[in-house]
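Peer 1: Sequence:
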Amino acid sequence: MRRNQSMVNNFLLLGFSNLLDLEGLFFTVFLTIYLLTLTGNSLIIIVTLTDQTLHNPMYFFLRNLSFLEICYTSITVPKMLGNLLSEDKTISFLGCAFQMSIFLIIGAAECYILAAMAYDRYVAICQPLHYTLIMSSRVCYELVAASWLAGVPVQLAQTSLVFTSYFCDSNEINHFFCDIPAVVNLICGDVSINELVARVEVVLLAVIPFALVLMSYVCIASTILKIPSVEGRCKAFSTCSSHLMVVVVFYGSGMTVYLKPKSSHSLDTDKFLSLFYTVLPPFINPLIYSLRNKEVKEALGKVFLILHP
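In this note's numbering, the protein residues as written are -7 to 301.
Calculated directly from the structure, the hints in this document are not laboratory data.
Among the hints, erroneous ones may be present.
Label-pair restraints from in silico Cβ distances [unchecked claim]:
| no. | residue 1 | residue 2 | range |
| --- | --- | --- | --- |
| 1 | Val222 | Leu17 | 43 to 49 Å |
| 2 | Thr261 | Gly74 | 23 to 29 Å |
| 3 | Ser34 | Tyr123 | 24 to 30 Å |
None of these values were measured; they are calculated from a predicted model.
All C-beta atoms in this analysis are idealised placements derived from N, C-alpha and C, irrespective of residue type, glycine included.
Given the sequences, and given the hints that come with them, work out the whole structure.
Peer 2: Structure (structure tokens):
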């Protein structure tokens, strides 16, 4: 990784150091959100594993999504919390590369898991008679495995390209984690190749699964409109809109950061936008996917009765 030598041995994550008076407040808020995120997603995993009635493809994907959300938020938030309390805000060269690569791989996996969940709902609503045949256990495991592996080659190549570049004398990253735009901003010389690879990466690992999600929901909406019951249509549309809201927040903010040309980058803006796809989706995932779900509520009730008879 150090093929092209530079004077940079570590980086300084500036985070929210320009708002020193608010760092204590930020720490409290982000720590609370992080703990609730871990608790909510862990409960989903436990409940969907222990309750036999939830052993179906929809909750299988939800369980994997919750595990991804825990990993996704844990690769960035603990370091951010530590920096908010400490005067030492450095991260090693290899630590920064590791954080970036794992964050990108998990992010790509989440994009495709969301697409797999949309496909599952499409089959369940549009082809209910063939649902069991199409969404077999083997297909579900293959979709999850493909989601996890889809981003590995591209993201490792992207990270290697960034960290084999020559960095300028400055090692200050205007971000709370090692995100691509903020790190690329420190590279000396032409970064057009980095920007091109980043755009290809976004198309392959974000735009394509996002398009699959939209296509699935167009078909779902068409089918739901044919349901004679008004109450049934409203309930189905409400479920779809909640899922699409998270998809839009997750994809939209990420694409805004990664697809902008370098000349229009505002790193301060990118830093706050990134909170929408690093902190909020993992936090609200348990609420919109599960805690409003009658089956999960009943399963949670059973777990609490066992723990507190």
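Peer 1: Name the hints, by number, that the structure is in violation of.
Peer 2: Violated hints: none at all, because every hint is consistent with the structure.
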